[in-house]
Amino acid sequence: MSSNDSLGSVVDKVELLLAERRQLSAIGPQFRIVHRLRVPGTECMPGEEVFAVALVYRGREFYLPLSRVLLLLFDYLARHRRIAQSSAQIEAGMSADTFYAEHGSNAVALGTRLTRRISRQCVKEYVKRLRRVLAATFDKAGLRIDPEEVLLSQPTGLNQVGYRLRAQIEWVHIDAL
Amino acid sequence: MTKYLLIDEDDNHAGCLASRLSRPETRIERVVSANEAMTRLRGAAGGYDLVIVNVSGNYEPWVPILRKLLEASRQPALGTMPAFLCVSTARRSPEFELQLERMGLRYVFER
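Chain order of the listed sequences is H and R.
Each residue of the first sequence is one higher than the last, beginning at 1 in our numbering.
Each residue of the second sequence is one higher than the last, beginning at 1 in our numbering.
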């Protein structure tokens with residue numbers, strides 16, 4: 001028969017798991033977005049490249065295998081994660097933001113073009129793809145959360161659906177690779 | 001309300017653990033077999049916050065059993081999937097613990 005003392009470690013672990021679950025429900029999982037090609041001394045400025053996105057879970061990084069357009073969309077949704085945006089708003093927001101319009105232009109000396117335009121017609125499909133990648137990455141990490149609870153679809157009125165990322169985000173910058 | 005599913009074939013252990021975890025705002029359901037647990041996890045009434053599995057028995061193929069339990073708990077309609085905690089009164093190998101960790105489970109040895 002187990003004594004109550006030997007169960008103390010189990011109770012501690014149960015409390016830890018419930019706290020982790022509450023945090024996940026409240027603010028979502030943590031992601032790290034890596035920018036590179038910055039001008040030294042600046043951060044998140046036009047000309048940089050969204051290089052990678054990683055899920056950070058239990059002290060480990062799990063990189064999301066995202067195409068360039070999905071990297072840009074993820075970065076945009078991460079920056080605007082407090083308000084759900086419709087496909088049209090996402091298209092307009094990304095077109096107007098010089099960070100995306102000049103994406104990776106600091107590498108122009110290399111003769112490489114890294115910009116991608118996102119049209120409103122494609123946003124729904126990109127969201128589906130992002131959720132598939134999120135599902136696969138959560139599975140790999142052993143994170144038990146539904147991707148639709150992380151990349152949310154919310155009604156914004158007038159039969160429009162808005163998309164919002166429910167996550168903790170950290171941006172890091174690297175100078176060279 | 002926090003809802004637990006306790007999978008434990010040991011009556012004494014299950015009783016002690018349920019008693020330690022019992023709070024006014026908790027509900028603990030106990031089953032003795034993985035098959036019964038899978039039925040509960042797949043059921044519409046599921047919605048567990050935490051699944052606790054007593055993996056003390058050395059002769060059970062725990063890893064495939066746990067994989068099946070994880071699969072059964074993937075019910076998107078029920079919201080966030082439950083967390084899993086494996087407990088054991090017998091010390092298990094680091095390899096076993098690592099396997100559980102890779103599956104996203106947590107493990108605790110009852111000292």
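Think of the hints as simulated: they come from the structure by calculation, not from any bench.
Everything numeric in this text was worked out from a predicted model, so none of it was measured.
Note that CB positions come from ideal geometry on N, CA and C, so glycine has one too.
Hints are not guaranteed to be accurate.
Said to hold, decoys possible - Restraint-style ranges between C-beta atoms, simulated for each label pair:
id, chain 1, residue 1, chain 2, residue 2, range
1, H, I27, R, G43, 27 to 33 angstroms
2, H, E102, R, L98, 53 to 59 angstroms
3, H, P65, R, A90, 19 to 25 angstroms
4, H, A101, R, P64, 49 to 55 angstroms
A quick look at each hint next to the structure:
1. H:I27 <-> R:G43: 27 to 33 angstroms: Distance hint for H:I27, R:G43 holds at roughly 29 angstroms.
2. H:E102 <-> R:L98: 53 to 59 angstroms: Because 45 angstroms falls outside the window, the suggested range is violated.
3. H:P65 <-> R:A90: 19 to 25 angstroms: For H:P65 and R:A90 the Cβ distance comes to about 40 angstroms; the hint is violated.
4. H:A101 <-> R:P64: 49 to 55 angstroms: 52 angstroms Cβ-Cβ, so the 49 to 55 angstroms window holds.
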